[in-house]
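The primary structure of each chain is shown beneath.
There are 2 protein chains.
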Amino acid sequence: MRNDTTTGGPGERERQALDAHWRAANYLAVGQIYLMGNPLLREPLRPEHVKPRLLGHWGTSPGLNLVHTHLNRVIRSRELQVLCVWGPGHGGPAVLANSWLDGSYSETYPDVGRDAAGMERLFRQFSFPGGVPSHVAPETPGSIHEGGELGYSLSHAYGAAFDNPDLLVACVIGDGEAETGPLAASWHGNKFLDPVHDGAVLPILHLNGYKIANPAVLARIPEPELDDLLRGYGHEPLHVTGDEPMAVHRDMAAALDTALDRIALIQRTARQEGVTERPRWPVIVLRTPKGWTGPAEVDGLPVEGTWRSHQVPLSGVRDNPEHLRQLEAWLRSYRPEELFDQQGRPRPEVLACVPAGERRLGATPHANGGLLLRDLPLPDLERFAVPVDKPGATLHEPTRVLGDLLENVMEATTDRRDFRLVGPDETASNRLQAVYRASGKAWQATTVTTDEHLDRHGRVMEILSEHTCQGWLEGYLLTGRHGLFSCYEAFVHIVDSMVNQHVKWLRVSRRLPWRRPIASLNYLLTSHVWRQDHNGFSHQDPGFIDHILNKSPEAVRVYLPPDANTLLSVADHALRSRDYVNVIVAGKQPCFDWLGLEEARAHCARGAGIWPWAGTEDGTRDPDVVLACAGDVPTQEVLAAAQLVRHHLPELSVRVVNVVDLARLLPAGEHPHGMTDPEYDALFTRDRPVVFAYHGYPWLIHRLAYRRTGHANLHVRGYKEIGTTTTPFDMVVRNDLDRYRLVMDVIDRVPGLAVRAAAVRQAMEDARTRHHAWIREHGTDLPEVAEWTWQG
Amino acid sequence: MRNDTTTGGPGERERQALDAHWRAANYLAVGQIYLMGNPLLREPLRPEHVKPRLLGHWGTSPGLNLVHTHLNRVIRSRELQVLCVWGPGHGGPAVLANSWLDGSYSETYPDVGRDAAGMERLFRQFSFPGGVPSHVAPETPGSIHEGGELGYSLSHAYGAAFDNPDLLVACVIGDGEAETGPLAASWHGNKFLDPVHDGAVLPILHLNGYKIANPAVLARIPEPELDDLLRGYGHEPLHVTGDEPMAVHRDMAAALDTALDRIALIQRTARQEGVTERPRWPVIVLRTPKGWTGPAEVDGLPVEGTWRSHQVPLSGVRDNPEHLRQLEAWLRSYRPEELFDQQGRPRPEVLACVPAGERRLGATPHANGGLLLRDLPLPDLERFAVPVDKPGATLHEPTRVLGDLLENVMEATTDRRDFRLVGPDETASNRLQAVYRASGKAWQATTVTTDEHLDRHGRVMEILSEHTCQGWLEGYLLTGRHGLFSCYEAFVHIVDSMVNQHVKWLRVSRRLPWRRPIASLNYLLTSHVWRQDHNGFSHQDPGFIDHILNKSPEAVRVYLPPDANTLLSVADHALRSRDYVNVIVAGKQPCFDWLGLEEARAHCARGAGIWPWAGTEDGTRDPDVVLACAGDVPTQEVLAAAQLVRHHLPELSVRVVNVVDLARLLPAGEHPHGMTDPEYDALFTRDRPVVFAYHGYPWLIHRLAYRRTGHANLHVRGYKEIGTTTTPFDMVVRNDLDRYRLVMDVIDRVPGLAVRAAAVRQAMEDARTRHHAWIREHGTDLPEVAEWTWQG
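Top line first, the protein sequences correspond to chains A and B. So that you can map any letter, position 38 of the first sequence is 38 in the working numbering, and since no number is skipped, the others follow by simple counting. So that you can map any letter, position 572 of the second sequence is 1364 in the working numbering, and since no number is skipped, the others follow by simple counting.
Calculated from the structure, these hints are not laboratory results. Check each hint, because a few of them may be wrong.
Said to hold, decoys possible - Ranges of calculated distance between the beta carbons of each label pair, as one might list FRET restraints:
| no. | chain 1 | residue 1 | chain 2 | residue 2 | range |
| --- | --- | --- | --- | --- | --- |
| 1 | B | E1129 | A | H647 | 49 to 57 angstroms |
| 2 | A | E784 | B | P1305 | 35 to 43 angstroms |
| 3 | B | Q1554 | A | R646 | 57 to 65 angstroms |
To be verified - Anything over 10 angstroms on all C-beta distances counts as not near chain B; from chain A, calculated:
| no. | residue |
| --- | --- |
| 4 | L45 |
| 5 | D115 |
| 6 | I212 |
| 7 | R318 |
| 8 | A329 |
| 9 | R332 |
| 10 | D380 |
| 11 | D389 |
| 12 | T450 |
| 13 | R601 |
| 14 | G710 |
| 15 | V755 |
| 16 | Q762 |
Here a beta-carbon is modelled for each residue, glycine too, at the ideal position from N, C-alpha and C.
Excised from the complex, chain A in its bound form (with noise of 0.2 angstroms):
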């Protein structure tokens, strides 16, 4: 980055050409709320030139106007590469009047031409049924942040930088969105951004002073507070403050250059001279008036710098005559006709601040990271995978072999530095601690002796805050790099809302041609619902699957590897796959192997099937029953109950069906990954009593079965809210899950069985209750279970 060119600050002239510029964004903005005709306003305003339903905010749209505006004043000047994400993203209008002005609009739809024409689509469609939404969303240039939902702007930001030496990230906070946890937590950031292979973040907290109705908590402190506040997050704050719009150009060229020349300081001394101190990177608080250049008054009460401009200032303009005319005045105060040309071109004084290419805001290649995606560079599984001479002969722990493949991954982009592992400080407890041999977790902060693995320009990300490791991820991501989370699974849940939007945001990319595939974000559930020994019921919680595939189902994929190799394959393939939110469950705890390193490739591209080597039919008809199963531990539970079935009931023609990728139960209609209806009835028949052994709420299973021909005879046991700290057969006898009681439901399901069939549910009976007697005396597990070993 060439930003080590200290300016004077702009001259008189220069400050005409940038309020030229603001004026023309703010006009385009207050256009874009109202109008549907006469957008130069060459002839007077009339309320059918109004649009009918006005939406639209306003209130937030000057203050980014004036940062759009003088971030192109500094990328020009010092041939910056920048990215913004606009933390305010209700103010849609602002952004796209700037990606209209830069041409980068026109250029991304060109039916949209920068002209009189496509000024009047430009307003038209925001906000118009079939046009574009009113925030700042995927199908807005320049942008990877849909700023809708509030919270996420600054980790988004810190993701962007990440192994972007070269790239500035603004991020534009508003006091609204600073109230939220997620951003509250996100300024902590700095303690992980690496000045030599990281670019740089530059926050700018816009103090407009209100959020909806009511004002912020932020602009309501003294400054001084707010000073402590951003000094205690790491910053070095730089204010600029104002109402008089010449003076504000003023401050802000002046405050940027500033925080661009400490910046490039910062990376300097800590790139050349090797310096290692953390930085104290600074903090623009940009303090101006909401609604700032609208109207002063409407209907005699105060708007301007008030909560009521947070929307649309004037509602009632198609029908109220003074509304009209007081919006035709506001339009007028910026003077249209000095800004565009008889065409309805912007003038070149008004582009006088405009950079060009790649460097505009609404056209560089970061903001749609496809375009800087490159493979990642996957090793061959055989490396890794763990040796299966015979199913369920020896147990491995899945993660921790997965942390050697992940190893492998960090070590081979060490120079790229394009893969990132996060999590809530959970690494080595998830057992993927390999990773560090490859790198270091990502620290700025001070350090002891006693530290290990910590290290400046690792990437392994840490922090005690998955909202802080979802945004990192999703910036990182985003841009157009790779990663992996990985995650207690009960406390997913804390980024549900994080991971609606970005699949939203991957639903609405996907449909636009211009939008390149990114990386999906893949998700390591661990530590999951069957093993929480310890922490019991509070961390006991399998409800992010559900969650996940209510969302787009081009965008969601679901799978519970049983073992370490399927879990090697289905990670090899959640790593290589695009533009999916790809969700793993997968056990830490010591687990039987079952199917050696082809045979579980096999079984991962086919999503479910059955395992013929663990059931008893002879191919020749239906099975009596199929014992189906889903997740590492109820596919445990499943093979001790067949072999239970077939030492105690050798007769009875059993069927194992192990389900990998859940969305596969789905019809082929509803999901991409979905089984046509003789699919699925190949594998559960149509009429054959089905036992379903699955990890998580039992009531999924049906909600993605229920239109199979088979369904009334599906039975599916899992986990019923039942949780506690115990041990991890208590866990499943508890909540029905456990061999014992999956031979019941056989027992239960299979009609014309033989009388000595009742003898063998009692022994069933009898054996959770000898479970009973013995855990409250050991507190262990019953040796016939702790030391069960498949028999095939």
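Dock chain B against chain A, hints included.
Relative to chain A, chain B alone:
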């Protein structure tokens, strides 16, 4: 609160007594983690005295024990009422140890006496199957906070302090938890704490340096930076740092005395002198080693003061004689013979600092809020009901009608101050602003002349943080008061994980006879998926219902009132209820009034019922088709569809069923509100087609109803994750929930229709096509839709 007695700090003898109490608590914490026999070390420690599964968190325990010991001292010396929220709730052994010491444990659980036998039980039950969880949990006397998931301690503390002027709420915040977003946001609670009507919150930030395996951010920034941060949060920091116990006792006592003197001064100036300036409340920063007083080294690696002491520092005690020796030395280092008498009872000097009766932290009634709860004074609904002479003749905004009711509740609790309304700055947006007539919005920060409804003593709580809103309300309810959370439907997902923990708390509490029922946590979800005309896709998500219905059925209720009077009835029921999470989804836009108050009451009491006036069946036989609906927008579409069917196919016998209480669809055995099969069949028939228009994801209805006889005939329409910025009717068309589609569904499903039906179906298709053309042109809904009214 009599806390104005400044003491001179503890003398040498008092410090010895404090240290004895602290050592006793530490001894008991270690004992819980390790021992199942020989609790008083009356004989040499042998492997069989040690538990087979070693579970628990030692690292945070000595710090919690220190805080508890010193809180005991000031409670006693100043005669305070104190509730403590233990954020590092993983340190369950510490809080249990203290409760056993102060006698509250044995009073709550008489089988665990304060003697040697009781001590052995205390040890054995900890993290033992069927015993008590490893965390502070509902089972723990004196607790309102689980502390398994992290992030909510400080917002819980504020919630407990609101409207409890005589209460001091101490809140221990671990440096791990401090990294989370919800915690980071909750520091700003001090801008909402009224020194006149609220109690005090004393945060104690405990920096032991590590979370699980990593250093903690706040422990690794320079102390002046941390001071800036806490001052920026509006606090005055007091530091206690050390690893020499007697010095730390001296400094901790002094810091607590200083803090309590300041709090007393703040409250006196506000209450007696009427000072309104926002005070700078104290915060204590306690910096002590992780695993303090535990093994300094294990197997040659440093443990005390490092992340290695997070859980169980000596893990091989049963098999490794050196570990066993170290454990015995560790336990004996507390000199148990000085702490416990021959009967295993704590010696008097150990208990010298312990307060009496309800002042004990383990015995405060504030931690068992049901003891203090009073019924809410709810008015007659007649005063607020809208008159309904005939269905669908008038329109009201349901939430605005509810606002009038809430105003009355707010007014009626003016003196009692036991009702609060929380929301992320959306009270007016959600049309509940009538409440401002009875109470303003809590606000202690700066005000300006254009502000409206801000009030230093207000009980409407608005901050743009759903996490903080939820945490405040939970804390308020758990300490025996009432409230309502009003939230945009889509963004309530932000608190998915918090509500998980609250439901778990309720589930466990309901099984503890000593825990008295508390007021339900009531959500009003509005600005819902069908009416985000302006904000679009990012604001459209009905999935919170699915999330809630995965939780313990005994504690969750979901209501979808279709109009204003049903909303009143449901809200009245929710506000009277106990120990539930009630989710109410209702619109804020003008909605037809379908039922008069008495009909509404009867309909809500049934939870689901036939609307005979809307159908055409003659009562002699099952109808040809059932049109079912749940939610305000689907109800309108179903009624419009019923009208179309009546007009076009008058020979068809149609039943209209409306569902208010969603859990009614579940089988009676699955949920307390579930219908029996005969009840269900009486509404939906056993064999007729049912076209069900549902507010949310359609598959949820299948997941609830899949066991019903008629399930194969159930066809559900709902939100299919197709969203955008558009008109209300376009949203239902895009998701195939519109009246025309519903009529087509009827025609497609009823067998043996007249030939004419094909033409009707085509007319419906044509109407949809007309809609698409119209909206492209006008950006508004078809006049026939916009002007539609029910013609009964």
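Going down the list of hints, with the structure as the test:
1. B:E1129 with A:H647: 49 to 57 angstroms: holds, 56 angstroms
2. A:E784 with B:P1305: 35 to 43 angstroms: holds, 36 angstroms
3. B:Q1554 with A:R646: 57 to 65 angstroms: holds, 59 angstroms
4. L45: Since the minimum Cβ distance to chain B is about 18 angstroms, L45 of chain A lies beyond 10 angstroms and the statement holds.
5. D115: Per Cβ check, D115 of chain A is outside 10 angstroms of chain B; nearest 23 angstroms; holds.
6. I212: violated, 5 angstroms
7. R318: holds, 12 angstroms
8. A329: holds, 22 angstroms
9. R332: holds, 25 angstroms
10. D380: holds, 30 angstroms
11. D389: Correct as stated: the minimum Cβ-Cβ distance to chain B is 30 angstroms, above 10 angstroms.
12. T450: Given a closest Cβ separation of 5 angstroms, the condition is violated.
13. R601: holds, 31 angstroms
14. G710: About 12 angstroms separates G710 of chain A from the closest Cβ of chain B, which puts it past 10 angstroms; holds.
15. V755: holds, 29 angstroms
16. Q762: Consistent with the label, Q762 of chain A stays out of reach of chain B, its closest Cβ about 24 angstroms off (over 10 angstroms).
Checked against the numbered hints above, the structure breaks hints 6, 12 and satisfies the rest.
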